[in-house]
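Visitor: What follows is each chain in one-letter form.
Protein chains: 2
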Amino acid sequence: MKPAIYVKDGDTVELEVKEASDGQIRRNSDLNDVTNLDFSRIHPLTGPIFVEGAEPGDALKVEILDIHGEGWGWTAVIPGFGFLSKENDVPEGVNSQALKIWSSDEGYVSAKFGDIYVKVKEFPFPGVIGTGMRLNGVWSTIPPRENGGNMDVKQMTVSSRIYFPVFRKGALLSVGDTHLAQGDGEVCGSAVEAPTKVKLRVEVVKSRNLKSPVFVSKPREAEYDGDHITFMGFSNDLWNASLMVVKEAISFLSNFMEPVEAYMLLSTVMDLKVSQVVDVPNWTVSGFIPVSVFGNKGGEIMDAFEARER
Amino acid sequence: MKPAIYVKDGDTVELEVKEASDGQIRRNSDLNDVTNLDFSRIHPLTGPIFVEGAEPGDALKVEILDIHGEGWGWTAVIPGFGFLSKENDVPEGVNSQALKIWSSDEGYVSAKFGDIYVKVKEFPFPGVIGTGMRLNGVWSTIPPRENGGNMDVKQMTVSSRIYFPVFRKGALLSVGDTHLAQGDGEVCGSAVEAPTKVKLRVEVVKSRNLKSPVFVSKPREAEYDGDHITFMGFSNDLWNASLMVVKEAISFLSNFMEPVEAYMLLSTVMDLKVSQVVDVPNWTVSGFIPVSVFGNKGGEIMDAFEARER
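Chains as they are written, first to last, in this note's numbering: chain A, 1 to 310; chain B, 1001 to 1310.
Because the hints were derived from the structure by calculation, they are not lab data.
In this text, all values refer to a predicted model and were calculated from it rather than measured experimentally.
Ideal Cβ positions, reconstructed from N, Cα and C, are used throughout, including at glycine.
Among the hints, erroneous ones may be present.
[Stated by the list, open to error] A short, non-exhaustive set of chain A residues, derived as facing chain B with CB atoms under 7 Å: (1) E186; (2) F215; (3) D227; (4) H228; (5) L238; (6) L272; (7) V278; (8) T284; (9) S286.
[What the hints assert, rightly or not] The calculated lysine to aspartate or glutamate pairs, modelled on EDC-like cross-linking and capped at a C-alpha distance of 16 Å, are: (10) A:K112 / A:E258; (11) A:K247 / A:E258; (12) B:K1218 / A:D225; (13) A:K199 / A:E63; (14) B:K1218 / A:E306; (15) A:K218 / B:E1306; (16) B:K1197 / B:D1022; (17) A:K218 / B:D1225; (18) B:K1211 / A:E306; (19) A:K206 / B:D1303; (20) A:K121 / A:D225; (21) A:K218 / B:E1223; (22) B:K1008 / B:E1063; (23) B:K1206 / A:E306; (24) B:K1206 / B:E1052; (25) B:K1119 / B:D1225; (26) B:K1199 / B:D1066; (27) A:K206 / B:E1306; (28) A:K211 / B:E1306.
When you get a sec, could you build the whole thing from the sequences and use the hints?
Guide: Put into structure tokens, the structure is as follows:
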């Protein structure tokens, strides 16, 4: 693939990055745009950027200097895609197409879920960022690989320094799928997807011989204070333990909104952690939901969590 | 099993909790005590506590009011146990028996790893806490189950409120396996194991009909500021993605200490997160290591992380 631009080792680069749907979903979109979505256009990338001096075996250091959005974002459930898409024992409608448009202002994204005005801290990051693949060919942008790509690691945000293996002359860095917010897990298959402007600094580290990307980050400023409500899953399979967490969380939130809305909300705010992988034969996965995102409805939700009958 | 004590709904209870080895590992232990460890004595529990008025179908609310240790703790690798115990492609010695004794002072546990004096924030919590099982019988304390037990969820710390399903008259709460520190994952199979005094408040919530425990917690005070170094794993299996993270992290830390020491350190400080479960067919698991635990050696370790050749 022909490089879009050529830059020098140490240069700062400013990019315009499209949101994941390549403009098919817009600020004023409705469900019809999800119905008609052409999935083959998912993840338009900005790049590739040819960095002079980068040779196979080197690393490319990418420092994220700034990302900002344009005042809106979207989250959708696309049938056939998402963590629950193969599950049958889920509330009706969880895997149906759905769309939520968020507005973004003063460091928060907000949208109505049921009759709750949800406000989520913004911490923009590129869902997709990676160097050119080792092998020639046309590749899907969906799976992450040794070159990075669709890693969806939300801590990879402003001030992070990411080190990528270089497989091609010039490194051939591309960026896409920027998110304004995401929970660890991104369970419904999309985060708060948004077009952004991204400012990066690139640097060649000679002969680094990385096997796959690594990065340095600070705990993101956007961590929530206050109470978190937590569901746990226990299983001899981390996937099934995670499913148990997500299903329980949807079941609870469905007291306040449509199940499919709960699914989209969890994709945006719930963090999945691997609590332990050693207590044979059941591993623990925990999912944390910060109550502060529910604003003045937080008290009601907390009461329901602590006293509900089901 | 006959209750050890009877308490009223709403009572505060103070417990003395043994560390996981039941006194087989002591403050002045050496490797011989690991060699001679009788695994059948693992997880002595304090309890059961019979809470008056608790009936099957209710929930038992347990608020953790205080936990404090006795100035020391231990971490060990016990052959045959731990996340890497079935792996062959690991550095020599990773799965050999090993023991680290930590001293605890002013909110930190500390121990020497290689020639690095590692200092880890203390946030004591019960590895094992749970109500009486639904079925009669003698049960291993190793796996977590619907009644709780060996969940090893480190956020379940002082000020947390945990809700357990009640399966037996009186709830029959037991506590054990207290930890002074642990990373999400507890990868080597032990955390900073320590005898503690635990203060709890118990309360019956009628007819709650929980399927498994849930809890409320605040982000723990012990979160680390500053840079974190992060390894990522990509695989169509969350277990294999997690293995990739742990192996890469051990490989890096082995530049500074024995591989088995790196394994024990990661068990104590590295947090495993499920970054995404939707980018078909490769999921992302990320492991975060706070550089501040390395004290004045942090700069050297960060330099090595950012510029190393391997």
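Visitor: Confirm or reject each hint.
Guide: Evaluated hints:
1. E186: The hint holds - E186 of chain A has a Cβ within 7 Å of chain B, the shortest such distance being about 4 Å.
2. F215: holds, 5 Å
3. D227: holds, 5 Å
4. H228: Holds, because the Cβ-Cβ distance from H228 of chain A to chain B comes to roughly 6 Å (cut-off 7 Å).
5. L238: holds, 4 Å
6. L272: Interface hint status for L272 of chain A: holds (4 Å vs cutoff 7 Å).
7. V278: holds, 4 Å
8. T284: holds, 5 Å
9. S286: Nearest chain B Cβ about 5 Å off; hint holds.
10. A:K112 / A:E258: Holds: K112 of chain A and E258 of chain A sit about 12 Å apart, inside 16 Å.
11. A:K247 / A:E258: Holds, at roughly 14 Å.
12. B:K1218 / A:D225: Roughly 7 Å separates the two Cα atoms, so the pair holds.
13. A:K199 / A:E63: holds, 9 Å
14. B:K1218 / A:E306: holds, 15 Å
15. A:K218 / B:E1306: Given that 16 Å is the threshold and the Cα spacing comes to 15 Å, the pair holds.
16. B:K1197 / B:D1022: Holds - the C-alpha atoms of D1022 of chain B and K1197 of chain B are around 15 Å apart, at most 16 Å.
17. A:K218 / B:D1225: Between K218 of chain A and D1225 of chain B the Cα gap is close to 7 Å, so the pair holds against 16 Å.
18. B:K1211 / A:E306: Measuring from Cα to Cα gives roughly 14 Å; hence the hint holds.
19. A:K206 / B:D1303: holds, 14 Å
20. A:K121 / A:D225: holds, 11 Å
21. A:K218 / B:E1223: holds, 11 Å
22. B:K1008 / B:E1063: holds, 15 Å
23. B:K1206 / A:E306: Roughly 11 Å between the alpha carbons, so the hint for K1206 of chain B and E306 of chain A holds.
24. B:K1206 / B:E1052: It holds: about 12 Å lies between the C-alpha atoms, which stays within 16 Å.
25. B:K1119 / B:D1225: holds, 14 Å
26. B:K1199 / B:D1066: holds, 5 Å
27. A:K206 / B:E1306: holds, 11 Å
28. A:K211 / B:E1306: holds, 14 Å
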